[in-house]
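Chemist: Given only the sequences and the hints, what does the whole structure look like? Please build it.
Those protein sequence lines, which keep their order, are chains A and B.
Numbering follows this note's numbering, in which position 129 of the first sequence is assigned residue number 129; successive positions increment by one, without gaps.
Numbering follows this note's numbering, in which position 62 of the second sequence is assigned residue number 62; successive positions increment by one, without gaps.
Don't read these hints as lab results, they were simulated from the structure.
Please note that the accuracy of each hint is not assured.
Here are some chain B residues pointing at chain A (derived, C-beta under 10 Å) [unchecked claim]:
| # | residue |
| --- | --- |
| 1 | I4 |
| 2 | C40 |
| 3 | H149 |
For lysine-lysine, the following DSS-like pairs were computed, each having C-alpha atoms within a straight-line distance of at most 30 Å [what the hints assert, rightly or not]:
| # | chain 1 | residue 1 | chain 2 | residue 2 |
| --- | --- | --- | --- | --- |
| 4 | B | K6 | A | K179 |
| 5 | B | K6 | A | K29 |
| 6 | A | K56 | B | K118 |
| 7 | A | K56 | B | K104 |
| 8 | B | K118 | A | K29 |
| 9 | B | K137 | A | K29 |
| 10 | B | K138 | A | K56 |
| 11 | B | K6 | B | K142 |
| 12 | B | K137 | A | K56 |
| 13 | B | K6 | A | K56 |
| 14 | A | K56 | B | K142 |
| 15 | A | K56 | B | K136 |
Here the structure is a predicted model, which is why all the values come from computation and not from measurement.
Built from N, CA and C at the ideal position, the CB exists for glycine as well.
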Amino acid sequence: MKGYELYLAIAYLVLGPFVGGLIDGVSRKVTARLQGRVGPPIIQPFYDLRKLFSRKLDPVNSLQMPLVVSHFIFAVATGFLIFEGSDILLIIFVLTLAAIFLVLAAYSTGSPFSAIGADRELIMMTAYEPMVILTLVGFFKVAGSFHFGDIAAVGKPTILLLPGIFLGLVFVLIMKLRKSPFDISTSHHAHQELVKGLTADLGGPALGLVELADWYESVYLYGLVFLFFSWNPIAAVLGPLATYFIIILIDNVTARVKWELALTSAWIVAIVAGVGNLIPFYLIARVVH
Amino acid sequence: MSAIEKSPWLIHYDASSCNGCDIEVLACLTPMYDAERFGCIVTGDPKQADIFLITGSVNNLNIPVVKNIYEQMPEPKAVVAIGACAYSGGVFAECYNVQGGVAKVIPVDVYVPGCAAKPESILDGVVRAAQILAEKKKAMRKARRAARHAESPAQEAAK
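Modeler: Structure below.
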């Protein structure tokens, strides 16, 4: 079991950028088709990344680049630890640390736009983190393990046991992927109010690294979605695809919200759907013992 | 084909005048005209932009802004001056505070004609600017190679 998980983690390291880039490219294409236009080629994100890395490195200060590199390393490490089946506490710490490094990189530049973007990213972190923890706890309650392989091979329809948790995870996925209506810290679309927010002072290879880290993150996040559907081969394919499409649809039909609404709605969903979903597990455990 | 030609990111700025061309620029960036099919993204961030779309006649007040945006953009970069005002000052050319054309402040690579310019011709200007970017990139690479060759005999002599 352990050996197979290590292979999975290594495959994530090698193939992550390709899968993540395609996830981004297809979502841009689907967005374009939803708006009735042709849109960029599916491999457009790879063109963008190649261009960003062909640029000269021109950091604003000496602190910015080490922080961006640390963000990249810890974002990749989060996924590696998830697929490798590491301890849940370690995963949460590394996930938080990755996000914190990007916030610090934004704060380090002195640009008012990236400072506001960093403020908002911190708010988003407080919004999504409780739900991410509840998701991992939910998996433990179903599978009795924190290991990715064990949860994937549990043989139970996880989605039917954890519908509230799934709803909450999709809600915070929109935040973590920085899709509308929760793209308040930075956005892939034109972002008139904050220029580029969190990434306003990043250019060339630095922005390329942040982009690459985003691709790795989207792979492990959709990996978590896959765990809900892993009991049946057809559901395992259709479930994540449907989730992916719903997130793109929400991105296209909603307007950006204010941070107050983002924070309170995320916590309400986490408490009602997430905790509400977990309560029966504890009650049943009490009855059985 | 150079990577930069397939992913030209845009920044736009309206340097005074009637605003008509800027509205056309925004129109050409909406889903209707689909600039994204050429790989364009509107960044609004000079550090991430490759092509500078500029409209208007440029007056004394916004010269520093235009220069600031231009200087923050990384090399290679291209400037597309859109409309009659950006070419010569247009109907505002005689005004006391008007510079009369973008080229008096920053170097221009592509002129898009019109008063106001049509979204289709603006898109054509962007595509041409992307080709110019690729040529500039090639020239930069060549210059760097030439500099390296010029350096090496001197270094050998120093040894």
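Chemist: If a hint holds in the structure, say so; if it does not, say that too.
Modeler: Evaluated hints:
no.: 1; hint: I4; result: 5 Å, holds
no.: 2; hint: C40; result: 8 Å, holds
no.: 3; hint: H149; result: 20 Å, violated
no.: 4; hint: K6(B) <-> K179(A); result: 24 Å, holds
no.: 5; hint: K6(B) <-> K29(A); result: 16 Å, holds
no.: 6; hint: K56(A) <-> K118(B); result: 34 Å, violated
no.: 7; hint: K56(A) <-> K104(B); result: 28 Å, holds
no.: 8; hint: K118(B) <-> K29(A); result: 26 Å, holds
no.: 9; hint: K137(B) <-> K29(A); result: 28 Å, holds
no.: 10; hint: K138(B) <-> K56(A); result: 14 Å, holds
no.: 11; hint: K6(B) <-> K142(B); result: 20 Å, holds
no.: 12; hint: K137(B) <-> K56(A); result: 12 Å, holds
no.: 13; hint: K6(B) <-> K56(A); result: 18 Å, holds
no.: 14; hint: K56(A) <-> K142(B); result: 15 Å, holds
no.: 15; hint: K56(A) <-> K136(B); result: 14 Å, holds
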